[in-house]
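**Student:** Keeping their order, the protein sequence lines are chains R and P. If you're matching positions, the first sequence starts at 1 in the numbering used here and goes up one per residue. If you're matching positions, the second sequence starts at 1001 in the numbering used here and goes up one per residue.
Simulated from the structure, these hints should not be mistaken for lab results. Note that beta-carbon positions come from the ideal geometry of N, C-alpha and C, so glycine has one too. One or more of the hints may lead you astray.
Covered stretches of chain P (in silico footprint by chain R; criterion: 3 or more residues with CB under 8 Å from a CB of chain R, positions within the stretch not fixed) [said to hold, decoys possible]:
| id | segment |
| --- | --- |
| 1 | 1035-1046 |
| 2 | 1102-1111 |
Here are the computed lysine-lysine pairs in the DSBU-like style, where the Cα-Cα straight-line distance is at most 30 Å [what the hints assert, rightly or not]:
| id | chain 1 | residue 1 | chain 2 | residue 2 |
| --- | --- | --- | --- | --- |
| 3 | R | Lys24 | P | Lys1036 |
| 4 | P | Lys1067 | P | Lys1056 |
| 5 | P | Lys1056 | R | Lys68 |
Cβ pair distances, simulated, as ranges [stated by the list, open to error]:
| id | chain 1 | residue 1 | chain 2 | residue 2 | range |
| --- | --- | --- | --- | --- | --- |
| 6 | R | Lys68 | P | Pro1113 | 42 to 50 Å |
| 7 | P | Ser1028 | R | Ser73 | 19 to 27 Å |
| 8 | P | Asp1054 | R | Val53 | 43 to 51 Å |
| 9 | P | Met1055 | R | Pro84 | 26 to 34 Å |
| 10 | P | Gln1059 | R | Glu14 | 46 to 54 Å |
| 11 | R | Lys68 | P | Ser1051 | 31 to 39 Å |
| 12 | P | Met1055 | R | Phe74 | 35 to 43 Å |
| 13 | P | Ser1017 | R | Ala72 | 38 to 46 Å |
| 14 | P | Lys1056 | R | Ser58 | 38 to 46 Å |
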Amino acid sequence: DAGVIQSPRHEVTEMGQEVTLRCKPISGHNSLFWYRQTMMRGLELLIYFNNNVPIDDSGMPEDRFSAKMPNASFSTLKIQPSEPRDSAVYFCASSGGLRKYFGPGTRLTVT
Amino acid sequence: GEDVEQSLFLSVREGDSSVINCTYTDSSSTYLYWYKQEPGAGLQLLTYIFSNMDMKQDQRLTVLLNKKDKHLSLRIADTQTGDSAIYFCAESDGSSNTGKLIFGQGTTLQVKP
């Protein structure tokens, strides 16, 4: 298995633009997580899905952030409009039990 | 709420043992985890321990759990320069079984040759 796949790996955009981050979980995993990592706040859980259903989105910073999981093999995290303070590394992770596997992350820079 | 605390930095010499410490607050956590993050990469699961165990050994890694004090440690024997990375302690959300993890802020391990 290729592991958790995220795209793009790097994204540079201007403030106000829409940003869409993509994730393909490991086949057969029924839980998917979006994390954000910054120097100041460390790793923060934004939202997670179980069997494609959002379970807890209390970590989503504000209404500018939204996440979807239309099927078991794909999820998106959208930021609209983006702001400089959204600059971070965004990780997707999936799990089918005890072990959680992380993708390589998307480094987002909003100028 | 849940909180996980780690020291931020540890420096050791190659060949020495490294001990990274972590404290957590949620006594209902079922599993506790150690992840490793190398520069520019995602998090890699190193090992985990079930909350009813007090020790787990896996090659050079030894995990010790003191449930009474809510203290978790990771010992790396014969530390190598390739072990230089950020190490994250994480506790599972004890209120559910969905795999939600709460991470510490990470300990940067520097291994000097």
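**Student:** Run every hint past the structure and note whether it holds.
**Tutor:** Hint by hint, here is what the structure shows:
Counting residues of the segment 1035-1046 of chain P whose beta-carbon sits less than 8 Å from any beta-carbon of chain R gives 6, enough to reach three: the coverage restraint holds. Counting residues of the segment 1102-1111 of chain P whose beta carbon lies closer than 8 Å to any beta carbon of chain R gives 5, which reaches the threshold of three, so the coverage claim holds. Only pairs whose Cα atoms come within 30 Å are accepted, and Lys24/R paired with Lys1036/P is accepted, the gap being roughly 22 Å. With a C-alpha separation of about 14 Å, the suggested pairing of Lys1067/P with Lys1056/P holds against the 30 Å cut-off.
Taken as a hint, the Lys1056/P and Lys68/R pair is broken in the structure, with Cα atoms around 38 Å apart against an allowance of 30 Å. The hint said 42 to 50 Å for the Cβ distance between Lys68/R and Pro1113/P, and at roughly 48 Å that hint holds. Look at Ser1028/P against Ser73/R: about 32 Å separates their beta carbons, and that is not inside 19 to 27 Å. Distance hint check for Asp1054/P and Val53/R: the Cβ-Cβ separation is about 36 Å, which falls outside the suggested range of 43 to 51 Å.
Between Met1055/P and Pro84/R the CB atoms are about 46 Å apart, so this pair departs from the stated range of 26 to 34 Å. The given range of 46 to 54 Å is respected by Gln1059/P and Glu14/R, whose C-beta atoms sit roughly 48 Å from each other. For Lys68/R and Ser1051/P, the hinted distance range of 31 to 39 Å is satisfied, since their beta carbons lie about 34 Å from each other. The hinted range of 35 to 43 Å is satisfied by Met1055/P and Phe74/R, whose Cβ atoms lie roughly 40 Å apart.
Taken as a hint, the range 38 to 46 Å holds for the pair Ser1017/P and Ala72/R, whose Cβ atoms sit roughly 43 Å apart. The given range of 38 to 46 Å is broken by Lys1056/P and Ser58/R, whose C-beta atoms sit roughly 31 Å from each other.
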